Amino acid sequence: MIDLGPHALYIVFAYLGVFAVTLALVFGVALNAHTKRRRLAKMEAARKPEAGA
Amino acid sequence: MANTETARPLRWHERLAHPGQFLAWSRHLLWPLALLGALLFAWGLWLSLFASPDDYQMGATVRIMYIHVPNAWLSQLTYGVMAVSAIGTLVWRHPMADVSMKAAAPLGAVFTVLALFTGALWGRPTWGTFWEWDGRMTSTLVLLFIYLGLIALWQAFDDKLRAARLVAVVTLVGAINIPVIKFSVDWWNTLHQPASVFVEGGPRMPMSILMPLLVMTGAFTVLFLLLHTVSMRTEVMARKLSALERRRALEPGK
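Chains as they are written, first to last, in the numbering used here: chain A, 1 to 53; chain B, 1 to 254.
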């Protein structure tokens, strides 16, 4: 492991903070997309039999 | 005559910008962008943490620059994307322009928070303080408030078309802050260092420090492109969903 010197704590906190927030952002965006896609598919599936009737 | 026009196939730029077509073609971008982003992050982190030297003045704290500068760059690039989209909304009233504007705002807010957070952690060992009310830091904080205001404005309206026009106007007014951020280090006395990459005579840093900075900036930019595309797709789906729900509510017997 590299020597981060006397200010190692600042460097580690900066990287951990960016990692955690970026991960949360990616997860949030993916979850939102997944939820909307599922709801839309459900809604469209429910409309198909009605349209066919 | 009218029938012939309706039957005309969409031109390539109309296909690109049509919400339904956008969902179809943008799907093919997601995995290549995710893969490219992952590779750039792996390479950039390797360079930033293991394969680059300490700075002769700042020591190892220079490594914070590799995550601070990309986030600061994206906080402004995202606003640039929103400003261009705002013009698209106001001039051409294009539906995808306000979808782009709405999708970008939360991303811009997060990148601005990360730029401020890493800046504070870099500032403490370098300047001896987490925060100083100087031009660069204050104008970046103002940018965060603008992002939060725009997000709140989107939430305040049920009518998304009306919201889009108002948000577009506010976005364009707020764009004045971007050159203020950029030139704040030249206009006022500040603790923040002046531009050192895109300057006359070339970058003022050695290649061993410039390289990780460029690779990490590329990685974060690809991440933004990916998240923006996914968020735009989600917004298109959300609008489609709410149109279907409205139609369903109006159907007799429902």
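Keep in mind that a hint or two might mislead.
Cross-link-like lysine-lysine pairs, in silico, PhoX-like; alpha carbons within 20 Å at most [stated by the list, open to error]:
(1) B:K182 / A:K36
(2) B:K240 / A:K36
(3) B:K160 / A:K42
(4) B:K182 / B:K240
Across the chosen pairs, the derived CB separations fall in these ranges [said to hold, decoys possible]:
(5) A:R37 / B:L36: 16 to 24 Å
(6) A:F27 / B:V180: 58 to 66 Å
(7) A:A41 / B:V173: 49 to 57 Å
(8) B:W187 / A:E44: 29 to 37 Å
Since the hints were derived computationally from the structure, they do not count as laboratory data.
Note that the structure is a prediction, hence the values are computed from the model and not measured.
For each residue, glycine too, the CB sits at the ideal point set by N, CA and C.
Here is how each hint holds up against the structure:
Our distance criterion of 20 Å between C-alpha atoms is broken by B:K182 and A:K36, whose separation comes to about 38 Å. Only pairs whose Cα atoms come within 20 Å are accepted, and B:K240 paired with A:K36 is accepted, the gap being roughly 10 Å. Of the supplied pair hints, the one linking B:K160 and A:K42 is violated, its CA atoms being roughly 24 Å apart against a limit of 20 Å. The suggested pairing of B:K182 with B:K240 is violated, with an alpha-carbon distance near 39 Å, which exceeds 20 Å.
Checking the proposed 16 to 24 Å range against A:R37 and B:L36 shows it holds: the Cβ atoms sit about 23 Å from each other. Hint check: A:F27 to B:V180, Cβ distance near 33 Å, so the stated range 58 to 66 Å is violated. Between A:A41 and B:V173 the Cβ separation comes to about 40 Å, which falls outside the hinted range of 49 to 57 Å. Hint check: B:W187 to A:E44, Cβ distance near 54 Å, so the stated range 29 to 37 Å is violated.
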